[in-house]
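Trainee: Work out the full structure, taking the sequences as your base and the hints as a guide.
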Amino acid sequence: MMSRFRAGDRVRVRVGSPPRHVRTPCYVQGKIGRVERLHGAYRNPESLAYGGDGLPRQALYLVRFPQSELWAKYAGSARDQLLIDIYEHWLEPA
Amino acid sequence: MHDDSHDDRHVPPAPDHDPTDFEKRVEAVQALLVEKGILTADEVRRAVEEMDSRTPAQGARVVARAWVDPAFKARLLADAKAAISELGITVGFDATIVAAENTERVHHVVVCTLCSCYPRGLLGYPPDWYKSLNYRSRVVVDPRGVLKEFGLVLDPNVEVRVLDSTADMRYLVIPARPSGTEQMGEEELASLVTRDSLIGVAEARPPAMR
Amino acid sequence: MARVHDRGGWPGAGPIDRFEHPLSWWEKRMDAITTLLMTPEKRVLRVDELRRAVEDMEPAAYERCAYYERWLHAVETLMAEKGILTREEIDRKVKELDARP
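If you read the protein sequences in the order shown, they are chains A, B and C.
Its first residue numbered 78, the first sequence is counted upward by one per residue in the working numbering.
Its first residue numbered 594, the second sequence is counted upward by one per residue in the working numbering.
Its first residue numbered -10, the third sequence is counted upward by one per residue in the working numbering.
These are calculated hints, taken from the structure and not from any lab test.
The model shown is predicted, which means the values in this text are computed figures rather than measured ones.
All residues carry an ideal CB built from backbone N, CA and C; glycine is no exception.
Fair warning: there could be bad hints in the mix.
Not the full set, but computed from the structure, chain B residues with beta-carbon under 8 Å of chain C [claimed, not checked]:
hint	residue
1	Asp611
2	Phe615
3	Val637
4	Ala640
Simulated crosslink set (DSS-like; lysine-lysine; CA at most 25 Å straight-line) [to be verified]:
hint	chain 1	residue 1	chain 2	residue 2
5	B	Lys741	B	Lys724
6	C	Lys84	C	Lys71
7	C	Lys31	C	Lys71
8	B	Lys741	C	Lys71
9	C	Lys82	C	Lys71
10	B	Lys674	B	Lys724
11	A	Lys150	A	Lys108
12	C	Lys82	B	Lys741
13	C	Lys84	B	Lys617
14	B	Lys617	B	Lys629
15	B	Lys629	C	Lys31
16	A	Lys150	B	Lys741
17	C	Lys82	B	Lys674
18	B	Lys724	B	Lys617
19	B	Lys617	C	Lys71
20	C	Lys82	C	Lys31
21	B	Lys674	C	Lys84
22	B	Lys617	C	Lys82
Mentor: Right, here's the structure in full:
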């Protein structure tokens, strides 16, 4: 399948909180992480949620963030990471 | 004498309270969907049975096999659904299961901050706390604090990886195999694998002292 | 600004209540009805629609409701949206069942 990013790429999550169904939580928006892996192509939940067919499919990635990138006052270890599934249209190169 | 000729699990239990609004509305919705031919009472009964048959014990079997068979573990990490089906376990239609392995150096813990996604096709119903607003809020921002509440204190040198399941992946943690279990068979090993260790809020049980 | 369901890092969250209540017969029914409606054979609704209808609940109701009460609310909303059931029909059925001896 065609995908824009590869494992290891630095990506930034787009910012946007539309009052409709999205699967990109606020706490990762605007944050920079790295693509951990490409899961494959999946129907787009933003269309499925309103009765749409979810097409075209979107590449879905597992993206990894150092916890210290997400939370200014992160209290754990500097090694700690957060991994989350993000659809391609929410990612841009960083 | 107990009458075994019918399965009384699927008859409403004798009410110990007046039906709540929730219970009345569920009954009404089901009755109307049956009247309209969208589903049957028998389908509902079978769906409940099927969910009841999915339990953490299934996940424990998978982990025990992965502990004793490195080739199986490799297949589990590459394509969990296919590997799980080798054990005769079917996981349903709804999502893709992805296994994440805990080691001495890395500890995974799973959450769904947006709703309550859970590998229910394998493990059954999620526990209440997994669905709670407090767990969903806190485990991403303070995983070590949350794990401590569950009785698990991790060394600062261990990398904690929180997995937030926001899409079609359902994460299953493969807990680290406890030391002192080298002589154990698969069945005995499976008894060490708790539900909480499959979510990552606990480690597998240590073997009982002999 | 995070919507009510978008809980990651939500300020003020307290200790986790680890009490686990056994699911009631009716909670299991609600689960079964909902997942049946989502099977590939029926495809009356999608899990994404269920989530959307839960997320669109009035925030105070979202926070107050038990897990399967949210599902019930969402299923009622979606059945009405799809022209399968109306809330009035459900209200009438509740009264009818209530009147049983």
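Trainee: Next step is simple, just say for each hint if it's right about the structure.
Mentor: Cross-check of the supplied hints:
no. : hint                   : result
1   : Asp611                 : 10 Å, violated
2   : Phe615                 : 6 Å, holds
3   : Val637                 : 5 Å, holds
4   : Ala640                 : 4 Å, holds
5   : B:Lys741 with B:Lys724 : 19 Å, holds
6   : C:Lys84 with C:Lys71   : 23 Å, holds
7   : C:Lys31 with C:Lys71   : 14 Å, holds
8   : B:Lys741 with C:Lys71  : 46 Å, violated
9   : C:Lys82 with C:Lys71   : 19 Å, holds
10  : B:Lys674 with B:Lys724 : 24 Å, holds
11  : A:Lys150 with A:Lys108 : 15 Å, holds
12  : C:Lys82 with B:Lys741  : 48 Å, violated
13  : C:Lys84 with B:Lys617  : 9 Å, holds
14  : B:Lys617 with B:Lys629 : 18 Å, holds
15  : B:Lys629 with C:Lys31  : 13 Å, holds
16  : A:Lys150 with B:Lys741 : 18 Å, holds
17  : C:Lys82 with B:Lys674  : 41 Å, violated
18  : B:Lys724 with B:Lys617 : 24 Å, holds
19  : B:Lys617 with C:Lys71  : 22 Å, holds
20  : C:Lys82 with C:Lys31   : 23 Å, holds
21  : B:Lys674 with C:Lys84  : 45 Å, violated
22  : B:Lys617 with C:Lys82  : 9 Å, holds
Going through the hint list in order, the structure does not satisfy hints 1, 8, 12, 17, 21.
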